[in-house]
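Novice: What follows is the residue order along each chain.
Protein chains: 2
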Amino acid sequence: MAHTSASSAGSGAKAPDSSRRSERSRQAIFDAALALVGEVGYDKLTIEGIASRAGVGKQTIYRWWPSKAAVLLDAFTAGIDEDYEKGLPDTGDLAADLKTVLRATADEFNDHAFQAPYRALAAAGANDEELSRTFVARLMEPGTQVYVNRLRRAQEAGEVAADIDVRVAVEMLLSPFSQRWLMRTGELTHAFVDTLVDQALRGLRPRD
Amino acid sequence: MAHTSASSAGSGAKAPDSSRRSERSRQAIFDAALALVGEVGYDKLTIEGIASRAGVGKQTIYRWWPSKAAVLLDAFTAGIDEDYEKGLPDTGDLAADLKTVLRATADEFNDHAFQAPYRALAAAGANDEELSRTFVARLMEPGTQVYVNRLRRAQEAGEVAADIDVRVAVEMLLSPFSQRWLMRTGELTHAFVDTLVDQALRGLRPRD
Chain A
1 MAHTSASSAG
11 SGAKAPDSSR
21 RSERSRQAIF
31 DAALALVGEV
41 GYDKLTIEGI
51 ASRAGVGKQT
61 IYRWWPSKAA
71 VLLDAFTAGI
81 DEDYEKGLPD
91 TGDLAADLKT
101 VLRATADEFN
111 DHAFQAPYRA
121 LAAAGANDEE
131 LSRTFVARLM
141 EPGTQVYVNR
151 LRRAQEAGEV
161 AADIDVRVAV
171 EMLLSPFSQR
181 WLMRTGELTH
191 AFVDTLVDQA
201 LRGLRPRD
Chain B
209 MAHTSASSAG
219 SGAKAPDSSR
229 RSERSRQAIF
239 DAALALVGEV
249 GYDKLTIEGI
259 ASRAGVGKQT
269 IYRWWPSKAA
279 VLLDAFTAGI
289 DEDYEKGLPD
299 TGDLAADLKT
309 VLRATADEFN
319 DHAFQAPYRA
329 LAAAGANDEE
339 LSRTFVARLM
349 EPGTQVYVNR
359 LRRAQEAGEV
369 AADIDVRVAV
379 EMLLSPFSQR
389 WLMRTGELTH
399 AFVDTLVDQA
409 LRGLRPRD
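Chains as they are written, first to last, in this note's numbering: chain A, 1 to 208; chain B, 209 to 416.
Hints should not be assumed to be uniformly reliable.
Stated by the list, open to error - Among chain B residues calculated to face chain A with C-beta under 7 Å, some are:
no.	residue
1	S233
2	D373
3	V376
4	P384
5	L404
What the hints assert, rightly or not - Lysine-lysine pairs mimicking BS3-like chemistry, simulated, CA-CA at most 30 Å apart:
no.	chain 1	residue 1	chain 2	residue 2
6	B	K252	B	K276
7	A	K44	A	K68
8	B	K252	A	K68
9	B	K276	A	K44
10	A	K44	B	K294
11	B	K294	B	K266
The set of hints was computed from the structure by calculation and includes no laboratory data. Note that CB positions come from ideal geometry on N, CA and C, so glycine has one too.
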């Protein structure tokens with residue numbers, strides 16, 4: 001799962017007609033794939049089903065992608081690559097920035113339509129090692145890296161102690177969130193997110 | 209998943225023959241269910257398959273359990289209820305105690321035969337809300353509670369600050385472990401476990 005609030009910004013660039021048609025088909029295929037996997041689960045998702053829902057021929061899909069997993073992963077990353085490049089906000093207040101992003105992410109993961117495709121892919125990945133390696137490399141790892149980068153900057157600024165393992169610190173911040181969501185071990189409330197951020201940062205500060 | 213190193217201690221109690229036969233059948237059914245779910249996954253697991261592998265009639269299983277989920281959950285908890293009652297070690301050194309238990313747990317979860325049934329059940333639970341609620345209530349929550357109890361004792365002893373939310377602290381300790389394992393986002397090494405414990409405890413200490 002990606003722990004950054006994803007926004008779907010439209011592209012303002014002008015493109016020739018054929019490329020615009022392609023872009024419309026691509027987007028229709030992504031929308032269909034995300035909707036379908038949330039409804040039927042990964043195992044029952046088919047290229048035929050995606051094509052039919054998107055109103056395109058299945059050859060159109062096979063021309064661009066080798067498998068349903070490839071379609072899905074592109075569909076997920078299409079919406080969030082921009083967020084990943086932008087990185088986390090940096091107002092100089094690490095706790096406030098983390099709370100802002102994780103509260104928005106909690107709201108998204110409490111929205112069934114948004115989270116259903118993630119859940120289907122994550123559950124399929126738990127059982128399917130190859131799928132999960134791709135899911136992690138394409139989606140989870142870049143999402144984690146956004147936090148690692150923000151914490152590294154805080155470390156350089158002296159807000160985080162020099163001897164902290166930033167990677168493990170990010171896992172301590174994000175994994176409780178993921179686990180509550182995926183295994184339904186607890187609610188994703190703003191109060192939970194705030195406590196998580198406060199307790200995580202408490203252990204990262206330089207010792208006097 | 210249960211984050212306590214499970215030991216399978218035999219019972220020394222003498223039982224009448226029929227009850228011993230029952231106990232042998234029960235154990236054979238548990239062994240068969242755990243082996244099979246690790247091999248074929250939760251969706252393809254059947255009561256018939258378990259009965260056949262265990263060498264019992266399927267009516268024997270239906271007499272004791274209403275569903276395959278019920279068999280599996282009893283099979284998992286049979287081995288670990290004893291560990292849950294015993295609780296975590298308490299040598300007075302919280303960091304050392306947590307490292308001892310989590311290192312042993314890492315060794316177990318790096319063992320394919322041990323972890324395959326957990327993985328199958330956890331993956332099935334991610335997609336199946338009712339199953340996951342039972343899985344969490346019967347297996348994950350009691351395992352988490354063992355850590356909550358140990359940290360509460362440390363809080364009473366003044367090793368953990370009074371204003372720490374112990375529940376969230378335990379999630380910060382255990383969820384990164386679960387996530388690395390379930391989503392294959394990283395290795396479960398002793399070095400990782402040690403860093404996790406040290407960084408988690410660093411944030412829990414009372415402020416001077």
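Novice: Please go over all the hints and tell whether each is borne out by the structure.
Specialist: Do the hints match the structure? See the list:
1. S233: 30 Å, violated
2. D373: Because about 5 Å separates D373 (chain B) from the closest Cβ in chain A, which is inside the 7 Å limit, the hint holds.
3. V376: With a closest approach of 5 Å, the V376 (chain B) hint holds.
4. P384: Given a least distance of 4 Å, the restraint on P384 (chain B) holds.
5. L404: With Cβ-Cβ at 6 Å, under 7 Å, it holds.
6. B:K252 <-> B:K276: 11 Å, holds
7. A:K44 <-> A:K68: 11 Å, holds
8. B:K252 <-> A:K68: The given pair, whose Cα atoms are some 22 Å apart, holds under the 30 Å limit.
9. B:K276 <-> A:K44: 22 Å, holds
10. A:K44 <-> B:K294: The hint is violated at about 44 Å.
11. B:K294 <-> B:K266: Between K294 (chain B) and K266 (chain B) the Cα gap is close to 34 Å, so the pair fails against 30 Å, i.e. violated.
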